[in-house]
Structures are given as structure tokens and as C-alpha cells.
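Visitor: Line order of the protein sequences matches chains A and B. Its first residue numbered 2, the first sequence is counted upward by one per residue in this note's numbering. Its first residue numbered 6, the second sequence is counted upward by one per residue in this note's numbering.
Calculated from the structure, these hints are not laboratory results. The C-beta atom is built at its ideal place from N, Cα and C for all residues, glycine as well. None of the hints are false.
Listing some non-contacts, in silico: residues in chain A with all C-beta distances to chain B over 10 Å:
1. C9
2. M10
3. G12
4. Q32
5. Y35
6. Y57
7. E59
8. I63
9. Q65
10. L67
11. A69
12. V79
Derived Cβ-Cβ restraints for the label pairs, each shown as a range:
13. D77/A x A117/B: 37 to 47 Å
14. K66/A x E198/B: 28 to 38 Å
15. K195/B x K66/A: 24 to 34 Å
16. V80/A x S43/B: 22 to 32 Å
17. I242/B x M10/A: 23 to 33 Å
18. R280/B x V80/A: 45 to 55 Å
19. K66/A x S176/B: 34 to 44 Å
Facing chain A, from chain B, some residues (calculated, C-beta under 7 Å):
20. G41
21. A52
22. E71
23. S239
24. P251
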Amino acid sequence: MLSNRGECMYGYIVVGSVTYALKGKNHLAKQGIYAQVAKTPKEYNKRGCSYSVMVYREDLQIAQKLLADIHIGIQDIVV
Amino acid sequence: MNQMVYFDNAATTFPKPGRVVDSVNEGILRFGGNPGRSGHRMSMRAAQKVYDVREKAALLFGTDVECVIFTNNCTSALNMAIKGLVAGQDRPHIVTSCLEHNSVIRPIYKLAITQGASYSVAQVFPGDDARTLASFRSCITPYTKLVVCTYASNVTGYGLPVSQIGQFCRSRGIPFVVDCAQAAGVLPCKIDELNADVLCIAGHKSLYGITGTGLMILRPGISPDTIMEGGTGSASIQLEQPQEAPDKFESGTLNTVGICSLGAGMDFIRQIGMRRIHEKECGLCRRLCDQLKHVDGVKLYSGWFDMGRNAPVVSFNIDGMASEEVTGILDRNGYALRGGR
Numbered sequence: 002m003l004s005n006r007g008e009c010m011y012g013y014i015v016v017g018s019v020t021y022a023l024k025g026k027n028h029l030a031k032q033g034i035y036a037q038v039a040k041t042p043k044e045y046n047k048r049g050c051s052y053s054v055m056v057y058r059e060d061l062q063i064a065q066k067l068l069a070d071i072h073i074g075i076q077d078i079v080v
Numbered sequence: 006m007n008q009m010v011y012f013d014n015a016a017t018t019f020p021k022p023g024r025v026v027d028s029v030n031e032g033i034l035r036f037g038g039n040p041g042r043s044g045h046r047m048s049m050r051a052a053q054k055v056y057d058v059r060e061k062a063a064l065l066f067g068t069d070v071e072c073v074i075f076t077n078n079c080t081s082a083l084n085m086a087i088k089g090l091v092a093g094q095d096r097p098h099i100v101t102s103c104l105e106h107n108s109v110i111r112p113i114y115k116l117a118i119t120q121g122a123s124y125s126v127a128q129v130f131p132g133d134d135a136r137t138l139a140s141f142r143s144c145i146t147p148y149t150k151l152v153v154c155t156y157a158s159n160v161t162g163y164g165l166p167v168s169q170i171g172q173f174c175r176s177r178g179i180p181f182v183v184d185c186a187q188a189a190g191v192l193p194c195k196i197d198e199l200n201a202d203v204l205c206i207a208g209h210k211s212l213y214g215i216t217g218t219g220l221m222i223l224r225p226g227i228s229p230d231t232i233m234e235g236g237t238g239s240a241s242i243q244l245e246q247p248q249e250a251p252d253k254f255e256s257g258t259l260n261t262v263g264i265c266s267l268g269a270g271m272d273f274i275r276q277i278g279m280r281r282i283h284e285k286e287c288g289l290c291r292r293l294c295d296q297l298k299h300v301d302g303v304k305l306y307s308g309w310f311d312m313g314r315n316a317p318v319v320s321f322n323i324d325g326m327a328s329e330e331v332t333g334i335l336d337r338n339g340y341a342l343r344g345g346r
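Pulled out of the complex, with its shape left as it was, chain B reads as follows (with noise of 0.2 Å):
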């Protein structure tokens, strides 16, 4: 096989660490039983293992261990966070930034076209948080019900001012939902420290699980209706779904092969340490701009790489060309990058 150079780690990371790749063997093999269903050793099994990595995520993000649920990604704790956050409002207006990934504002949308909810897009100033925090507070009205912005831009990398927002919302009790797919794992995100009600994680970016993972951080006290119900593993005479989180939002089987390997990924940042690799990282970006700056035609779109603020992501075009194209060709020469708008 040729060797090929991988560039595509805001997207999904690679290789993983070797134990996250033995820990979907362990998965597969030690914990195959269904977690929360069955009361037999291996299925008792499983479910211990099932909490001792939502102990672990506790750990890392600042909460209560019921407070962790498992989702199948970023996507779906957003669609979760969001939709949960504004069910049974009137005309629920939200403010969100000019910088969202389609998982915050594909949902949003669908709110406004299905439930009459407004919404209105605050201008992100990069260098300029004073303006930025202004932008987000004309955005608030009276009928404001949801606050929800990316941590850090998928595109560029480049951090919001999320914990001063985060204070404005609770001074004003706004519910605030944070997109954490580019900081998770590389960025602090405790979630008292960063105001927010909510965090959506991905699990197969920076924390290393495997696809198909991913996380929904709740603040003790919030409790987002549900999209979703089903089969908890409790109170099963009930029609109603179960009130308590986790299995409020945890119907159906759970992914026990992912959630073996987050539990690894978070034990792998651990023994690095969050802030070498996210140092390792920034230092990674900075020489690639250092160099692609020297390149004729080439346009950057990153230059952040502070510590403790923005995400390790590089963007860049060459003049011309769309990036798929520029894309393609890196990868016949065997470099794997991200293309697209």
C-alpha cells in the first residue's frame, strides 16, 4: 500500500491509539452483553463498563456522572440539545453564530419551518471578543429561548469568547448549548467553567473513540425534552419514558464497542496530558502555515493556534481552484485532506 500522509483529523482522527484499537477488541469480546437490559454476569459486565467510562467523561467535563449520555455523535447531541431544549415553546427564538457547523443550524431551521421559531445569527469578530459578546447581545430578545455556538469553528479553527457568552445567557436565563466537535479533548470544557447548560461532543475527533460516537453533557438540573423515545432497561411497564437522565435520552441498546473505545481515547488524553497535545498540535499548524504562507497561490484561512482558545485546524484554498480539486490532487499524491464548503 502507499503511504499516505493523513491531514483529515478534524474530520475524524487517525491512526487511533493502539489502546482504542484493543478496546473495541475487548469490546466485542469481554463486554458483548447488552448493558442495562439483562441481569446475567455478562451483561452486568458491560453495564459496569458502560459507567465506568461516563464516570471518566464526568471527570473530564465537569459533571455528574448521570449527567453524561452516550449519542451516536456530535450531530445527534445537537439535535438532542436543541430540539430538547425550545419542545412546547411558542415561537421559541434562538441566537446562534455566523460560524455553525449544519448541526446546529440544520436543526434550527427546521424549528423555524416546523414549529414557528426565529432565530438570528450573531457576527463572530476574530481577534475582537468585545464585539463579538455586542453581536450576541443584540441578537437576544425577550422571547430568546436557546442560546447555541460552536466552541471553536470547524473551518478555521478559531475559538468563540464561549464562557463570556455562557455568563451573559445565565445572567439572563437563557439556556446555552456549546458545539464542542473541535475542542473536546484538546480544550478545556468543563462545563461550569464554560457557562453552558449543554455540551455536544463528538467522540471520534479529538478524543479518539471510534466512529459513531459521541456525547451529551448535561449541567445538573437541565433536562432537555426528549426526541426520541424507547426501550431504557427500566420502569418498562411505563408508557411514559423515564424521566431521569441517563436513561431519558439512552433508548435503545447502546453502542458498548464505542463507548469501550472513548473510555480508552479519554484514558489516552490523560496519560499525554490535554494541554501537550494540544501544544504538539498548534506547533503542527503553525509550521504548516509557516510554510503554505511561502507558496504561491495559496490562501490561508487559519493563523490562531493560541493556547487554551482555538482549535488546531488549518484552512486553505489555492487561488483558482475549488478545494475539492485541489484535494484530489493531494490525495493522488497521497495526502489526505478535507475539501468541501
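For reference, chain A alone in the conformation it holds in the complex (with noise of 0.2 Å):
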């Protein structure tokens, strides 16, 4: 989705495996962030297929923070 300035609004954090994007939706819900999990797109995937916790741009830096306190290793961010 894009902002008004044709911006994308989304941050992409790029997991492990679908169930460490769960885990990390549901957690990230929990605290009040809105997060959905998406397939990688393909230009952000450095390793293949990927799922990614996509979260507002603005909620990036404290999401990371949220998922590593209950241990999901994040492999990449964009933005």
C-alpha cells in the first residue's frame, strides 16, 4: 500500500520460516502493533522464499525490538 506520497507504507521484516511470522503477528497484536504476515517479495529475498512480518514503516525500529525479546531471528529489513 502506498502513502499519498507514493510512499510504501509498509516495512518488511524478513524471518525464518511462516511460523516465526505467526509468532511474531501475534505478538506484535498483542502490544498493539499491526502487523500481517506476507510472502517476501521476490526483490527483497536474498535466500529464496521467505515470509516477512510487514508492519507500518513508523513501527519498524520497536517491532524489531518485540520480536527479538521472544527470539525470532530476523534476517533482513526493508523499507
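Bring the two chains, given one by one in their own frames, into a single complex with the hints.
Guide: If you want it as C-alpha cells, here you go:
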């Protein structure tokens, strides 16, 4: 989704598996952060197929910290 | 159709709860996409469903969600655990018990003939935990790399002192695998309470899932080697198998329909209450044993139905007859039982 200025509103936090992505999404939701799970777009995925937790760009920093708190390994951050 | 009285629940529970039957239908119709492979709505919905069932199992067995591995049955889980934990070890020594199913003893035997493994069989003394524990202790050598035993015998239902065996293993730094085929769903199986590193579970028995389902439950931090590699829907351009659970152990498309049934089965257990189920089943077993005791020629092999310890399994035979002969006659009279050795 694009903002009024044509920028992508979401950032992708690339994780190891769909299980970690769903675990991360649930954890973020409990902390009041809107998140979705999506297949990582091809241009961002360096290791082949992967899943990401998509969050609003302004939530990226806090989301990273929250995911690290529950030991979810982050493979990449794409904004 | 003639009425049948089904007594073969230790092999596979039947009939399944209505919600399990419905979940299979739902699994085909609603969660038909490939979980963890694609990104379209139906695939993501299937992935979410699989995750939800993983969470239920994590809660039931006391582990983290990613430490719940879906398998085809308990035998798959045991092979993965036993072979994976001693992989790459030079002439490992394994300790097991005298009450094991072939799903434990055959993988060990295979390791013995292919990997130079050796094994010792601890004796189980029904009603004497101290002696059983002493037997396990006496089997341990400096080369012991694994202890694996059943929670409760599939033949007699007798429960081993698994928590104490696990405690001993932990104190010696030896991985401990528990075969929970007969226990999961009727007896408490929290991985930490059992001091276990891996629990191997049948989905189609007391978890009420359909056949072709099972679980390998890992204690967080335990990561056996793989015995099978393949597509996982993650890190797909790497030749190396992903090293994070559950993907590490779940190569190939998951049995979504079976997983749906497992989820519904676990919901059923939560609703009724595991203790209540166990109480009822133990009561039925006691009643059956009390009646069988009065039948001439019947030899009973079971009789322990303590709450929270033994699995509700009744085993008997008739003097002078092969068990298959007895079950054959009973089958012709409308009773479904398991005969065999």
C-alpha cells in the first residue's frame, strides 16, 4: 500500500519461516502493533522463498525489538 | 450393518468426536491451500490454521510453538528423534527399556547394524520404581548418548517412572526421549515435568486425530539432526536445510487435513478434561478386568489403573489359544480387539 506521497507505508521484517512470521504477528498484535504476514517480495528475498512480518514503517524499530524479545531471528529489514 | 463394539482404541481411537469429523471436511474445503508455500489468501489461511494447531499442541505439551513438529505418526517422530540425536556420533550407546514397541527398538537395532551403535535394555519391575530406576542407572556407560523409553506400555498400559528417569538423564547430560504413543491425551505430558528432551506422540490415538498424524515435541534448545531433507518454503535457494525448527524437520507439504483433525481432537480433550477422560477410561478398564477375572481360562496381563500414571489398556488371553484366534472369534461376534505379539 502506498501513502499519499507514493511511498510504501509498510516495512518488511524478514524471518526464518512462516511459523516465526505468525508467531511474530501474534506477539506484535498483543502489544498493539498492527502486523500482517506476507510472502517476502521476490526483490527483497536474498535466500529464496521466505515470509515476512509486515508492519507500518513507523513501527519498524519497536517491532524489531519486540520480535527480538521473543527470540525471533530477523534475517533482513526492508523498507 | 451388524453392530460392532470397538475395543481397539489403543491402536486407533474410534469413533472420533463429531468435531474431528467436521474438521476434516473443513480442512479439505476451507484450508485446501498449501500452508507455508504460497502467499495467496487460501494458502495463508491454511498456514494460520496450522499455526493455531501448533499453538494448541505447544500449550498441551508445555513447549514453544516452533518446537512442535508435525509428523506422519509416532513412529516417524521416534525415528527422527532417535536417529537425529545420535547422528554423527561415533559408536553411540543407547539405553531403552524391556517394554518398547518396535518403533523404538527397530530404529535402535538399525543404528546398531549401520552406525556401530550398542544398546542396553533396562528391566522394568511393575510396582517397584526404585528397582526400575536402578536398572536404568546400571545400563548407563560413559558412552551413553541417548535414553529412550515408553511412557506407558502399549501392551499392558503399565507406566514407567519417566519423570525420575528423565531427572537422572538430565543430571548426566544425556538426552531423554519419551514415547508417548499411549499416554498423550490421557496422561499429563508436559515436557518439563517429564524432564524429557523430546516427546513422540501419536495423533490418531488419544488425541483423536485421524490416522497419518503425529507430533515430535522438542524442549526449547534441543535440535536433533535431520533424517530427511527437502522443500520447506523457506531459504529455498540454499542447498543446506534450514536449521530452525519447525522447518528443519518438516520437509514436504504438511498434512493440513490431519492437522485440522488434531486441533479438533485437542479441543475435545480440553473441553472434556484429560483427567475426566482418564478417570472414565480407567473405570471401564477396571470393570472389564473385574469381569474377565471370573471367566475360566482368561489370563490378564493388565491391572494397573492408577490415576495419572498408567495408560488405560487391558491385555488378556485365553489359555491354550493364540491371541489372534481369540480376537478372530470375538470379531465374528461383533467385538473389535487387537491380537498379536
